[in-house]
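Protein chains in written order, with the working numbering: chain A, 1 to 326; chain B, 327 to 530; chain C, 531 to 757.
Quick caveat, the hints were computed from the structure, so don't treat them as lab data.
Keep in mind that this is a model prediction, so the values were computed, not measured.
Hints may contain errors.
[Said to hold, decoys possible] Computed list of lysine to aspartate or glutamate pairs in DMTMM-like fashion (alpha-carbon distance at most 20 angstroms, straight line):
1) C:K582 - B:E358
2) A:K119 - A:D213
3) C:K582 - B:E417
4) C:K582 - A:E179
[Claimed, not checked] Just a sample of chain C residues kept apart from chain B, beta carbon distances all over 10 angstroms, derived:
5) I538
6) V549
7) N557
8) L588
9) T621
10) V665
11) E670
12) V686
13) S753
[Said to hold, decoys possible] Listed next, the stretches of chain A that the computed footprint assigns to chain B, with coverage defined by at least 3 CB atoms under 8 angstroms from CB atoms of chain B:
14) 97-108
15) 120-131
16) 152-163
17) 186-196
18) 235-245
19) 253-262
For each residue, glycine too, the CB sits at the ideal point set by N, CA and C.
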Amino acid sequence: MEPIVAEVGMQPEVSVPPEESETAEEQRVAQDLLLLRSQKERAEVLRNLIAEEGKAFPPAHKPKSSHKSWYRLVIGLLMLTALIGTLLFVPPPALKEGAVPAHVIALQEAMQALGAGDKVLVVLDYQPATSREMVSMAAPVLQFIAERGVSWQLLVTQPSGLWLAQELASTAGITPIPEAIYLPGGNLGVFALAIDQNQSSPLLPSGLSALNDYRAILLLEDSGSQFQVWMEQASPWLGKGRFLALVAKQDAAMVLPYYDSGQVTGYVAGTQEGALMAQLLGQQPMHLPHERALQVGLIIMMVILILSMITKAEADATGRRREEKT
Amino acid sequence: MKKAIPILIAGLSGLLVLVALIWQPQLAGWLEVVLNWAVIIASVAALVAMATLLLAHTRKIIMVRHGFIYSVILIGAFLVSFVGGMTAGVENPSYLRWIAAIQQPAEASLLGLAALVMAAAALRLFHQRGWSALTVSFGISALVFLVLGLGWLQALQIPQLDIVIGYLEALPLVGMRGLLIGMGLGALLLGLRIVLGLERPYGE
Amino acid sequence: MNALDVIIGLIGFALTLMVFSYLLGYNFFFRAALYLLVGISSGYIAAVLITKVILPLLIAPIQAHNGQFSPLTVVPLLLCLLLVLMLFPRTVSAGKLPLAFLVGVMAALTIAGVSRGTLAPQLLSIVNRFSPSLVQTDGEPAWGQILEAVFILLGVVAVLFTFHHRTHLKGDTEARSGLVEGLSSVGQVFIGITFGMLFVGFYTTALTALIAQLGTIKDFILSLITG
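Can you build the whole structure from these sequences, using the hints too?
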């Protein structure tokens with residue numbers, strides 16, 4: 001049953017805890033760490049693709065599990081220390097103006113084309129884990145929409161969306177907080193909403209217009225597969241130029257082909273582009289997260305990847321020298 | 327005969343939806359009914375899955391099996407949140423505040439933990455995967471996108487550099503499009519096999 | 531900061547520490563946090579499904595007919611009852627019928643959605659790059675556009691070939707032609723570039739969540755100290 005439940009998007013956002021029979025630590029760890037839906041999806045896709053790729057190559061070296069927790073602890077603690085130190089002692093930098101990517105300009109133009117009397121549907125389709133990133137992108141955009149006098153509604157597709165909508169509206173300083181309309185059924189619900197032009201389906205919540213009545217549909221997404229659901233189940237019925245998107249950085253690659261094909265008019269991915277967008281719309285960007293800490297985290301990953309390459313090259317060279325000697 | 331009924335139902339329901347999609351708006355009413363039923367069944371399926379989980383953990387508590395304390399936590403938390411939602415209402419701001427108080431920090435911390443674990447795993451990445459066109463291009467691409475993520479190059483505001491950055495950021499479009507088409511073809515074939523009864527994910 | 535804010539802040543702080551304790555190994559605190567999250571989330575989702583789906587879509591229509599059954603209300607009710615029978619070991623197979631119905635509907639939606647929402651637009655997008663209006667400027671060939679179109683076409687073909695190549699030549703150790711190897715390597719390079727962006731994207735999102743959570747804890751502790 002689980003695959004079907006997962007397919008319709010109505011599964012709990014967390015996986016079932018491991019059963020007692022699973023004794024291998026690796027199995028338990030993998031299950032527990034892939035707790036969030038988006039994490040699980042992304043890891044699954046990457047694992048399948050990498051596994052598929054790996055088959056034609058010599059078998060990969062098995063990791064030494066005994067060293068695993070040691071590495072994890074040292075690197076984890078080092079990284080935590082660096083991030084906490086930056087948060088405590090380094091002030092966040094002033095916002096700098098930089099080059100604006102084409103997809104951000106496209107979104108800005110679409111937003112500025114909206115005027116009083118236009119209807120916009122804001123679809124809140126993200127999870128609590130990414131809410132800080134999503135709120136920092138979405139709050140200035142919602143403030144702009146509210147200032148323009150655009151009529152907008154908030155649709156949520158996940159149960160946790162009911163409280164995430166309140167959090168988003170209160171962060172954006174929008175009063176009164178608009179009622180969040182819950183759309184059940186995952187991709188079934190999205191499809192039903194897209195094809196229902198005369199609002200006759202009992203599935204559709206009251207207060208919601210037919211999708212064609214909205215000048216724009218603004219997707220707030222943190223899951224590539226959910227973004228794909230909107231593109232596959234709704235966009236073919238609505239024609240081009242309707243969808244705008246604010247997506248978590250992890251979905252930037254997924255949105256690229258849909259933007260290039262014109263199914264998405266414009267989008268913003270991640271907090272940096274979100275801050276640029278806020279500036280373009282004349283709004284105050286939100287300072288979340290601490291940008292210096294983010295830079296420290298990115299530099300740590302760069303150093304680790306370079307170290308990984310160097311140590312591998314060193315190990316290969318040592319192996320070759322040994323072979324030559326023997 | 328018994329085995330044939332689910333295959334027939336899957337095929338007929340799939341065909342009905344496909345036919346209704348082609349003959350719009352004549353069959354729109356039927357499509358609405360089918361979708362309505364499907365959403366209800368999907369919701370009940372999710373509830374049955376949760377009930378199965380609760381039954382398994384209740385058995386664990388009753389039999390005092392190893393690790394039963396976790397089952398106590400799970401069932402206790404479930405009851406508190408379920409009863410709270412049914413009595414106060416799932417849109418009650420106070421109730422939602424308590425749900426948010428647990429879900430928000432726990433899920434954000436788990437996602438944050440993933441960053442720490444990824445950093446630890448990256449250290450042994452090339453030792454585990456070896457050198458290949460895939461791993462080398464992955465490594466270089468990751469380094470380039472990490473540098474771009476810092477935002478320092480963009481802040482220089484050199485027009486020629488901005489053009490190069492624009493091309494670099496659009497480069498994954500090719501791979502992503504290829505992957506999307508590949509996965510789309512796979513999903514299409516799987517869907518056709520289910521409608522034709524050649525694939526039975528609902529059980530033999 | 532009132533008492534409720536302090537309690538909620540403390541819960542968040544404790545849960546964060548419990549989750550990060552995973553760095554020390556798979557321990558009691560980490561597991562307790564996971565089970566707590568699963569329990570709370572499941573209970574909440576169950577309550578939402580019952581109040582937002584089951585009651586209005588399944589029960590209310592029956593009540594609206596004053597208890598008189600119409601086929602439109604009876605069929606989903608029967609299918610749901612069959613699903614509930616899956617809870618009992620002896621009647622597990624009864625659930626196959628509603629699941630088969632659901633799978634059939636989902637498969638049809640996948641066929642329609644993938645073909646119209648992904649395959650057709652993505653393939654058309656490749657073809658459209660060769661349209662005369664794009665590859666010509668004032669009757670002269672626009673070489674930049676032509677090169678870009680050819681680059682994307684070849685890249686996508688190479689990625690698809692790599693897919694096909696891996697699937698159909700699993701375990702094939704025979705020597706392959708230079709062209710096959712070359713095309714496969716080009717496909718791997720494009721896939722590697724995309725994976726690189728996906729990796730950095732996911733890491734950045736996770737890092738953002740981590741920094742935001744640490745920032746929340748810092749603010750909470752500071753507000754406790756300063757009162």
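Against the structure, the hints:
1. C:K582 - B:E358: 18 angstroms, holds
2. A:K119 - A:D213: 7 angstroms, holds
3. C:K582 - B:E417: The given pair, whose Cα atoms are some 11 angstroms apart, holds under the 20 angstroms limit.
4. C:K582 - A:E179: 15 angstroms, holds
5. I538: The assertion about I538 (chain C) is violated, with a minimum of 4 angstroms to chain B.
6. V549: 4 angstroms, violated
7. N557: Label holds. Min Cβ-Cβ 12 angstroms, cutoff 10 angstroms.
8. L588: Check fails; 5 angstroms does not lie beyond 10 angstroms.
9. T621: 12 angstroms, holds
10. V665: 18 angstroms, holds
11. E670: At roughly 22 angstroms from the nearest Cβ of chain B, E670 (chain C) sits farther out than 10 angstroms, so the non-interface label holds.
12. V686: Violated: least Cβ distance 4 angstroms, not greater than 10 angstroms.
13. S753: 16 angstroms, holds
14. 97-108: Satisfied; 5 residues make the cut.
15. 120-131: holds (count 5)
16. 152-163: holds (count 4)
17. 186-196: holds (count 7)
18. 235-245: This one is violated; 0 residues, fewer than the three required, reach chain B with a Cβ under 8 angstroms.
19. 253-262: It holds: at least three residues are needed, and the region 253-262 of chain A offers 5 whose Cβ sits within less than 8 angstroms of chain B.
The structure fails to meet hints 5, 6, 8, 12, 18 from the earlier list, while all remaining hints are met.
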